[in-house]
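Visitor: Read off the chains here:
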Amino acid sequence: MTLAEKRAGLSLAIGICIFAYLTANMIDGWAIPDQEARHIWRTWLFVLGLGTVGEGAVSIWANYMRQQGALEDERDEQIIARADRLGLLVGFCAINVLIWQILLQSTFPTPVQWTLNIQHLPTLFFVLMSVLFLCHGVKQVMILVLGRLS
Amino acid sequence: MAVAKGRVLNQIRQLRTQAGLTQQDFANLVGATRQTILAIEAEKYAPSLELAFRMARALSVPFETLFQFEEEGTGSK
Numbered sequence: 001m002t003l004a005e006k007r008a009g010l011s012l013a014i015g016i017c018i019f020a021y022l023t024a025n026m027i028d029g030w031a032i033p034d035q036e037a038r039h040i041w042r043t044w045l046f047v048l049g050l051g052t053v054g055e056g057a058v059s060i061w062a063n064y065m066r067q068q069g070a071l072e073d074e075r076d077e078q079i080i081a082r083a084d085r086l087g088l089l090v091g092f093c094a095i096n097v098l099i100w101q102i103l104l105q106s107t108f109p110t111p112v113q114w115t116l117n118i119q120h121l122p123t124l125f126f127v128l129m130s131v132l133f134l135c136h137g138v139k140q141v142m143i144l145v146l147g148r149l150s
Numbered sequence: 001m002a003v004a005k006g007r008v009l010n011q012i013r014q015l016r017t018q019a020g021l022t023q024q025d026f027a028n029l030v031g032a033t034r035q036t037i038l039a040i041e042a043e044k045y046a047p048s049l050e051l052a053f054r055m056a057r058a059l060s061v062p063f064e065t066l067f068q069f070e071e072e073g074t075g076s077k
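Note that the protein sequences, when read in sequence, are chains A and B.
Here the first sequence is numbered in our numbering, starting from 1 and rising by one per residue.
Here the second sequence is numbered in our numbering, starting from 1 and rising by one per residue.
Wrong hints could be hidden among the right ones.
Stated by the list, open to error - Just a sample of chain B residues kept apart from chain A, beta carbon distances all over 10 angstroms, derived:
{"hint": "1", "residue": "Leu9"}
{"hint": "2", "residue": "Ser60"}
{"hint": "3", "residue": "Pro62"}
{"hint": "4", "residue": "Glu64"}
Said to hold, decoys possible - Computed, partial: chain B to chain A, Cβ under 8 angstroms:
{"hint": "5", "residue": "Gln23"}
{"hint": "6", "residue": "Gln35"}
{"hint": "7", "residue": "Thr36"}
{"hint": "8", "residue": "Ala39"}
{"hint": "9", "residue": "Tyr45"}
{"hint": "10", "residue": "Arg57"}
Calculated directly from the structure, the hints in this document are not laboratory data.
This structure is a prediction, so every number in the text was calculated from the model and none was measured.
Beta carbons: idealized from backbone N, C-alpha and C, even for Gly.
Assemble the whole structure, with the sequences as input and the hints as a guide.
Guide: Set out below in structure tokens:
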């Protein structure tokens, strides 16, 4: 495994843990209940803090490994760039699905069962945060997959 | 005018084993990872010009001995 792959694996694991925390804080069963603004703010700040600390720790570890002689070469850079593009593409598609939901709800004001209730702020918050985690997760998974395949 | 597609072939595996180098030794010599050497030898990855020249220099062979370009369809090198 290259340093880039190990780093992607660690970053993915941290991302999954933070997303689990977010989900546990926002979801009750399969529904997103009403929540106070203060609770949403606190959750967002905590997720941001955990993400910053986690990614910072991974960066420090990667720097240490580089000092020990681990390499990230041109192929790793190419793989990371391709994974970045794929992550961006998934984010672009996910945001467009959200836009489609907003357009649907502006056309049919009563939320249909199979649409997300975008007017419900905790739902909107959770969906937007999920899109961020999805982009991050896809990028890390693609680094792992492309590292094996290309 | 349409340009015919092609692929880059290489003799790295043969020349490396002739030189008695493992993939890891060779990777250390040229400043790449073992996985990159593996991918180049399997012709899954075409290296940059800089890395290609480093490889030729490390094996003490001319660039053309190490890499060949084959145009698709023609089979010409």
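Visitor: Next, verify each hint and record whether it holds.
Guide: Hint by hint, here is what the structure shows:
1. Leu9: holds (18 angstroms)
2. Ser60: holds (22 angstroms)
3. Pro62: holds (22 angstroms)
4. Glu64: holds (22 angstroms)
5. Gln23: Not OK, violated: B:Gln23 not within 8 angstroms of chain A, min 13 angstroms.
6. Gln35: Result: holds, 5 angstroms to nearest chain A Cβ.
7. Thr36: holds (4 angstroms)
8. Ala39: Where the cut-off is 8 angstroms and the nearest Cβ of chain A is about 6 angstroms from B:Ala39, the hint holds.
9. Tyr45: Holds, about 6 angstroms.
10. Arg57: violated (16 angstroms)
Hint compliance for this structure: hints 5 and 10 are broken, all remaining hints hold.
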